[in-house]
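Colleague: Listed below, chain by chain, are the residues.
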Amino acid sequence: MSRDLLGVYQPGSSFLHRMPPGAKIAALAAISLLTVLGSSALLTALVLATALALLLVARARAALVLRTLRGMLVMMTLLALYQAWQRGPERAFTVVGALVALILLATVLTVTTSVDEMLDAITRACRPLRRVGVDPELVALAFSLLIRGIPTTLAIAAETAQAAKARGLERDPRALLTPMVIRVVAHAHATGEALHARGIGDDRPGPD
Amino acid sequence: MIEFHDVHVDAEGPEGSVGILRGVSLALTERRVALIGPNGSGKSTLARLVNGLVLPTRGSVLVNGLDVATEGRAVRRQVGFAFTDPSAQLVMPTAIEDVALSLRRRHRDKEQREQAAQGILEEYRIGELARRSVHSLSGGQRQLLALAGVLATEPAILVADEPTTLLDLANARRIGALLLGLSQQLVLATHDLELAGRCDRALLVDGGQVVADGVPVEVIAHYRSLVEQREPA
Numbered sequence: 001m002s003r004d005l006l007g008v009y010q011p012g013s014s015f016l017h018r019m020p021p022g023a024k025i026a027a028l029a030a031i032s033l034l035t036v037l038g039s040s041a042l043l044t045a046l047v048l049a050t051a052l053a054l055l056l057v058a059r060a061r062a063a064l065v066l067r068t069l070r071g072m073l074v075m076m077t078l079l080a081l082y083q084a085w086q087r088g089p090e091r092a093f094t095v096v097g098a099l100v101a102l103i104l105l106a107t108v109l110t111v112t113t114s115v116d117e118m119l120d121a122i123t124r125a126c127r128p129l130r131r132v133g134v135d136p137e138l139v140a141l142a143f144s145l146l147i148r149g150i151p152t153t154l155a156i157a158a159e160t161a162q163a164a165k166a167r168g169l170e171r172d173p174r175a176l177l178t179p180m181v182i183r184v185v186a187h188a189h190a191t192g193e194a195l196h197a198r199g200i201g202d203d204r205p206g207p208d
Numbered sequence: 001m002i003e004f005h006d007v008h009v010d011a012e013g014p015e016g017s018v019g020i021l022r023g024v025s026l027a028l029t030e031r032r033v034a035l036i037g038p039n040g041s042g043k044s045t046l047a048r049l050v051n052g053l054v055l056p057t058r059g060s061v062l063v064n065g066l067d068v069a070t071e072g073r074a075v076r077r078q079v080g081f082a083f084t085d086p087s088a089q090l091v092m093p094t095a096i097e098d099v100a101l102s103l104r105r106r107h108r109d110k111e112q113r114e115q116a117a118q119g120i121l122e123e124y125r126i127g128e129l130a131r132r133s134v135h136s137l138s139g140g141q142r143q144l145l146a147l148a149g150v151l152a153t154e155p156a157i158l159v160a161d162e163p164t165t166l167l168d169l170a171n172a173r174r175i176g177a178l179l180l181g182l183s184q185q186l187v188l189a190t191h192d193l194e195l196a197g198r199c200d201r202a203l204l205v206d207g208g209q210v211v212a213d214g215v216p217v218e219v220i221a222h223y224r225s226l227v228e229q230r231e232p233a
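As you go down the protein sequences, you meet chains A and B in turn. Be aware that the first sequence starts at 1, since it is given in full-length UniProt numbering, and climbs by one per residue. Be aware that the second sequence starts at 1, since it is given in full-length UniProt numbering, and climbs by one per residue.
Please note: incorrect hints may appear among the correct ones.
[Unchecked claim] Some chain A residues close to chain B (C-beta under 8 Å, calculated; not the full set):
1) Val115
2) Leu145
3) His196
4) Ala197
FYI, nobody ran anything at the bench for these hints, they're computed from the structure. The beta-carbon is built from N, C-alpha and C at its ideal position, and this holds for glycine as well.
Just chain A, same shape as in the assembly:
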């Protein structure tokens, strides 16, 4: 299912699940803007508490939240240390705490919104751009291709690593990277060819 394509979406019936994806994206954008413009320790604490409460409401798996944060741990720690050294611990909390809170809020969005719903929201959001020649469905298709490209690229990386290992070249970066890049580019080319063969984009004005 596309909803588990990235292994993040968790089906549920909370009000966050029922909320329109566009409203969730708009709320996330508004809170992000407010946090950056307001920039105070109190506001950071509030946004952080809100993010944690929403994660509980969304029933997000603790393992998923920890995995998300673990990916950012090194960068956040370095940033916190630098801010504490340059501008004091309160400022470090304000900046890094706000970033962590926004990452958690983005996690709330992806945990409660399937890829399909997200693509529909993008299509709807792009509709006004139709007047200037943008096809909303093609924009959504581009996002879909991007999302679909993630597991494909991971599968190619795993196959390439196995092939390198089979030849005893698992420590050779050239044996890992060169075929992987070639295969990813070849896949992208084949996908383009398939879209062309299916006439995608043929309903747009322009030369044959």
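Keeping the supplied structure of chain A fixed, place chain B upon it in accordance with the hints.
Modeller: The following block gives chain B in isolation, referenced to the frame of chain A:
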């Protein structure tokens, strides 16, 4: 009808221009036409010319009177194309969305499109895969879905480039039977000589030229003798 008029296709190689197809002239009117030949012979290029994925360097290709070089869009509306590896062809996250993508032109409304897509999946007996990620399907299921996506556009002609090469015996037979049973004109590039043998006409492509053309059983025999001459057992 598909017509090739003195078609040449050249490609730039490290040592200059290389002729992939050299002076092919044909008229294909039979319902099921097989293209057979060794790897690198030019049969895939010949197949790709039919819907404009490859354009002739010289000469012309006409599909029901439309020139693929100048009327590509109109040609693609008439010609569906199935690739060897369906993974690249399946571009949407789920099976139903992928078929629905083919129906964009016919159904502007999303709900109607999904209903029609579900109907097509049922028609090909893969309705239960509708909400599955295309990434999680088996090779046979992917090829079947890719074909459903192509046939959803109701093309007058289907070109299939080695559609059974990556499949096991059972799936190859299933896809082969589906292809041969289609009402559309079929142009099938294949290494599966059993499948080619069941077509109405076969063309043997070798070195960029059609070296045998006729009843499949005779063309296949010609191919076998060609291989025997080059690689005696």
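Colleague: Each of the hints needs a verdict: does it hold here or not?
Modeller: Evaluation of the provided hints:
1. Val115: Since chain B brings a Cβ to about 6 Å from Val115(A), closer than 8 Å, the hint holds.
2. Leu145: It holds, given that the least Cβ distance between Leu145(A) and chain B is near 6 Å, below 8 Å.
3. His196: holds (7 Å)
4. Ala197: Check passed: Cβ of Ala197(A) comes within 4 Å of chain B, closer than 8 Å.
In the structure shown, no violation is registered for any of the earlier numbered hints.
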